[in-house]
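> If you want the building blocks of each chain, they are given just below.
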Amino acid sequence: MNCKKAERLIVRYVDGELSSPLVDRLEVHLSACSPCRLKYEEFKRLSKLIAQWEPTRPALGYEALRERIRQRERVRSISALPVPRWAAAILSLISIGIGFTAGIRSERPVRPHTASVNQVASIIGLSQHDDLVEAAILTGFRNVISEKSGAKR
Amino acid sequence: MADYDAELMKRAALGDEDAFATLFNRYYARAVNVAYRFLGNRDAAEDIAMDAFARIYEGRCAFRAASKFSTYLYRVVINLCLNAAKRRSVVREEALSDQHESDSQVDLAARAQSKEISTLVRDAILRLPANQRLAIVLITYEELSYKAAAEAMGISVKALESLLHRAKTNLRKALADYMG
Ligand SMILES: [Zn+2]
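Just so you know, the sequences run in chain order A and B. The numbering used here applies: residue 1 is where the first sequence begins, and numbers increase by one. The numbering used here applies: residue 1001 is where the second sequence begins, and numbers increase by one.
These are computed hints drawn from the structure, not numbers from a lab. As the structure is a computational prediction, the values presented were derived from the model and not from experiment. Positions of the beta carbon are idealized from the N, C-alpha and C atoms, including for glycine. Hints are supplied without guarantee of correctness; some may be wrong.
[Claimed, not checked] Reference listing, derived: stretches of chain A covered by chain B, where coverage requires no fewer than 3 residues with Cβ under 8 Å from a Cβ of chain B:
{"no.": "1", "region": "9 to 17"}
{"no.": "2", "region": "41 to 47"}
{"no.": "3", "region": "50 to 61"}
{"no.": "4", "region": "68 to 76"}
Work out the full structure, taking the sequences as your base and the hints as a guide.
Laid out in structure tokens, this is it:
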């Protein structure tokens, strides 16, 4: 085993993610290579140091969640109301204007997104201004789920 | 315990409020801490964790036990964190509060020092790029397996490994003076 490979394995070793044959091989390398042994000691100390940032204790409980759910229901019922007339008027004016300049008179109504797409997006926590990062996370997630490979702890 | 969670979720979907409350009580603190460690702000973290549970509650009928409940929850929390981080920079402005009040004079110096280290660690983690930070939060603090963390982040185990390696290398540099 060379030092480059050893360094990769050290992080997994410290996280308890190394399978036993690899542990044996790494330990052989560490016992013979002092720079790698030093790195191993450093990563171990780093883990201990990082652990000093203590977790926070939540202030809220289930009642607060009930209230949050009720709040979200109220917001949804308001936004489900039909578009106010003045807004509809402006929208139709714009649409007519575009129709004129394009030489076609468009009367296509403004429709909301399909419910399913919206629902899924809102459950997962995505809003309209999400960019490729989240999209990648979602598609990546699907790929990972369908994969069956992966390391075991 | 994953099956128990799936069972609770199934019962919640059928209208069993207590089942959902049980899930909430089992996982709420964890959800808060993932967000807290990602954003560095306690209030924003709690807001995100509440939001995550509210969304999961609303979508409880759509939940499929194909993935573990905890993975699903982490994924929702992660997405909300990424959105929040983009909208406002809530990171890094909060002083660490005293969680362990004690009147012992002897402890004071030691506690001041450990609080200082705690702040340094926090700042170093909050300075990491978002995906490296997530990897550290899920592996080091939440103690997920690489497989579970990769699933929650929607990346491969290999990609997670490389994020962790970069994150730890960065932290090792940032905290070099305190590794003594
Ligand atoms: Zn070596």
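> All the hints need checking, so say for each whether the structure fits it.
Status of the hints after comparison with the structure:
no., hint, in the structure
1, 9 to 17, "holds (count 4)"
2, 41 to 47, "holds (count 5)"
3, 50 to 61, "holds (count 12)"
4, 68 to 76, "holds (count 3)"
Consistency note: the structure conflicts with none of the earlier hints.
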